[in-house]
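**Q** Chain by chain, the residues:
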Amino acid sequence: MQKQPQENSENRMAIKKFFRRLRSNPTIFIGFMIVLIFLFIAAFGPFLAPYPYTQQNLSERLQPPSDDNIFGTDQFGRDIYSRILVGSRDVLVVAGSGTVLAVFFGLLLGLFSGYRGGYFDEVVMRVMDVILSIPPLLLAMVILFSLGPSRVNVIIVVGFLYIPMVARVVRSVVLDLKTRQYVEAARLRGETSAYILYKEILPNVLPHLAVESSMRFSYSIFLVASLGFLGLGVQPPSPDWGLMVGESRTWFHQARWVLFFPAGAIAILVVGVGFMSDGLRRMLLPGGVSDG
Amino acid sequence: MADREPVLKVENLTITYDTEKGPLHTVRNVSLQIAPGEIYGLVGESGSGKTTFARGVVRYLPSNGKITTGRISLSGTDLATLSHKQIRKVWGSRVTMVHQDPNASINPSMLIGDQIAEAMRVHLGLNKKQAGQKAIEMLNKVRMPDPELVARRYAHQLSGGMLQRVLIATAMATNPEFMIMDEPTTALDVTTEAVILDLIRELMSEYNTAILFITHNLGVIARICDRIGVLYAGELMEEGPIHEVFRNRLHPYTRGLLGCVPRVDASKKSITLSSIPGFIPRPNQLPPGCIFAPRCDLVEEACQLERPPLVEIGPSHLSSCRRVDCLRTRTKEVEQAREERIEELGPVVLEARNIKKYFPFSGGLTALVRGKKSVKAVDDISIRMRSSFTLGIVGESGCGKTTLARCIAGLEEATSGEIDLEGEHLDYSVSRREPAVLKKIQMVFQNPDASLNPQLPAGYSVARPLTLLRNMSKKQVQERVKELFAAVSLPPDYIDRLPHELSGGEKQRVAIARAFAADPVLMICDEPISSLDVSVQASLMNLLAELQGTAGTAYLFISHDLAAVRHLSDWIAVVYLGRLWEIGSAEDVFVPPYHPYTEALLSAIPIPDPDIEQDRIRLKGSVPSALNVPPGCRFHTRCPRKIGAVCETEEPPWREMEGGHRICCHIPIDELKTLQGGGLLKKAGQGGNR
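Taken in order, these protein sequences are the chains called A and B.
Note that our numbering gives residue 23 to position 21 of the first sequence, counting from 1, and the numbers run on in steps of one.
Note that our numbering gives residue 93 to position 53 of the second sequence, counting from 1, and the numbers run on in steps of one.
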């Protein structure tokens, strides 16, 4: 209890230090800012949007950007700006949940596979190789055709597809860590495998995992957008960005903004997450470890 | 030599690094000269600025480093003012460098011959054929066996010693005026090191190149250099001819460094090593007076007021110590004598009989084609250890000493053999041993950076064995952790620190405390000091000796540093290719008769005294692969005392002498005695007394 204030101030110090390091590199700073802005939009999008995203105004179809509709209107006369604001929630939630799923199972598989070794490792890793050998978009399409397109199914597919990547990265880190002498010292004093994994290995995997997760997240955004574009993701009338790009195909000869704004939103978000993951790598893994 | 015009003349060189925390003056006001054909040894602890200095001299600094003041002249060319384009012409032709790690310095995808030829094609304008010819010539010069063959090989096909020869050949190829050798032998085994040092010495007398030889090993300096400069925190402390400096040691830092090195003729029973307290100051936290003052035992008030200049105190001998006169009168031996312990044989703690460890060599298709083979890392070794007793194991790298230790610890499962601890039979694998047994064997590892979990505070690492193996309550644990930190001389506030806040030596102290927390009867020390500075090594060896005295723990001490093994061990076992060849008390193993392999190891030890002449027994080639162990005596392929066909066909017998000293050799003991005479160390001239 007496230690509390000291720990608090130490935490505050650590946070201050984190922000100082953040500011010292502009790309990292920009990355974090972009991601923060999108998170803000996702949280408050529906309140910020000037119009309901489903409100149609057929007399105002495919209008160019104007004072009333700053990003213009689409084929049903809906306000694109409002749709992008509301749609950000879909992208972040679906891609984010998919990433969390992949990271959770990938971490578990990677930890056990790397630490146990032997046949278990062999079997797990070969299964991962099989999944990796199929083009992800193709595999996602096959699964979604059989499961039927829905928000939950897209999350499951994204999670499933990225488990092998996370598992491989975690496994390679564990393979290195388990020969470290502090792990051997723990074995010498008879620690259980669970203790060694949880206390000696896991904390040292986390920095690598953080970097890998942020990278997976940017790939997930892509995948979710691609699936939306193909009509396999979230279904209309949801304002999913990928879906919006897909629907705009027919119209963009007359109205380029219908394609431009949702596509731009995807690009900016992916670049932002990319900067962030690059920054995380530089901050957490200064040694320059390969990304697997 | 001094009358010749120096090749390299450095005057008041200051090198500054731009860092986030402002400029760091890493090297300050260093002046020195090197004559043609002279080898100048630069010595100092890590962080003293040796490498920065060497790189600064040839303007090969990282982008944030620059020369702030000073002049560097290389045979009249002022290097400090040359443009980038001009200096590139100097690099590789007039100045060359030999690095520490031969594996990292040689392009693995390039033929050795092409690699040597490259420098000559660029700088001497030779065509491909001429350069290729010259490369083979160079390989011949560095005494490479089969130079034509080696020229067509890749780096991975050569051993470390051969690669280092290739690097030297590359560096010599353009016949440079000045050459930098940055710890060229540190990564090598003693036997290989001795051969390379001989080679450098011979080549120098032939080529007349000026050499700046950087090392932390005073023994190497004593063997090869003409002059020595002692660098401390970026400033020269003492400089002079090698004999002059080693005999008189007119700076407390030099004296301290030399006192830290264990001697081959004394052990922990008779002396405690001196060590230098404290740390090298960072360039931004220098004391106002003499920079060595905070660690000096001769310090007076005046020392702390003003930075003393480097002054001449003898024939071309410089020292920056104000109290040189006091040093002159003081006896040289700063080591404290220790009371001889009365030897009493304790109870047997560990008995390992016929330990074997074979690693299967690549399974899968290779095994189908070539048949199953195995690497015989440890092949039938038996040892016995008593409490309060240290068994030292020595041998070149790859001889199986670490594998043996790991088998005993249970980290590696032995293939066959028996391990008894205090009369109880031990399981091969650590995961099947009972907690009561586990606490009895603990280990201190080689690499201090990997031996503590970077995410856990130091105190946690020490506390964990207490809760796990000794079932202590929280309060008892806290008490005991404090005691253990005190026992390894660490202040109590280190308990909450994370490993990255500790220095290498401090991490190793925590690792020792962690091992002792379990209260073991046997402690395995696998090269615990080899990656540390000499002064830290000395204090750790003292600590280990002291803890053994109080706790009565048995040590299995593994090292390739024979002097360290000699200092700490009661008994020494010599291992080669997975087998024991000689075992006996430390005193017996270090005097004749010895096994020819031991003899070669001993003659290769670099002794930090240029006045001692060692017999030169050099081993040819490198250790044979443990996949194809030579038949008969395993050492016959390299043995300088091979007697004939019997060595190649029959396994040699064990020959026993007084005091349990045993040698495994075909040569009878009496014959070995006459062959080896009075021992390896001879005093040359009338140097200081050792």
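Some clues are possibly wrong.
[What the hints assert, rightly or not] Cross-link-like lysine to aspartate or glutamate pairs, in silico, EDC-like; alpha carbons within 16 Å at most:
no.: 1; chain 1: A; residue 1: Lys180; chain 2: B; residue 2: Asp489
no.: 2; chain 1: B; residue 1: Lys106; chain 2: B; residue 2: Glu158
no.: 3; chain 1: B; residue 1: Lys713; chain 2: B; residue 2: Glu690
no.: 4; chain 1: B; residue 1: Lys174; chain 2: B; residue 2: Glu158
no.: 5; chain 1: A; residue 1: Lys180; chain 2: B; residue 2: Glu696
no.: 6; chain 1: A; residue 1: Lys19; chain 2: B; residue 2: Glu60
Hint data in this document are derived by calculation from the structure and do not stem from the laboratory.
**Q** A separate judgement is required for each hint: does it hold in the structure or not?
**A** Here is how each hint holds up against the structure:
Simply put, Lys180/A and Asp489/B have alpha-carbon atoms about 15 Å apart, close enough for the 16 Å limit, and the pair holds. Between the alpha carbons of Lys106/B and Glu158/B the distance comes to roughly 29 Å, so the proposed pair goes past 16 Å and is violated. Among the hinted pairs, Lys713/B with Glu690/B is inconsistent with the structure: their alpha-carbon atoms are about 22 Å apart, more than 16 Å. At roughly 11 Å between alpha-carbon atoms, Lys174/B and Glu158/B fall within 16 Å of each other, so this suggested pair holds.
For the suggested pair Lys180/A and Glu696/B, the alpha carbons sit about 43 Å apart, so the restraint of at most 16 Å is broken. Taken as a hint, the Lys19/A and Glu60/B pair is honoured in the structure, with Cα atoms around 14 Å apart against an allowance of 16 Å.
The structure fails to meet hints 2, 3 and 5 from the earlier list, while all remaining hints are met.
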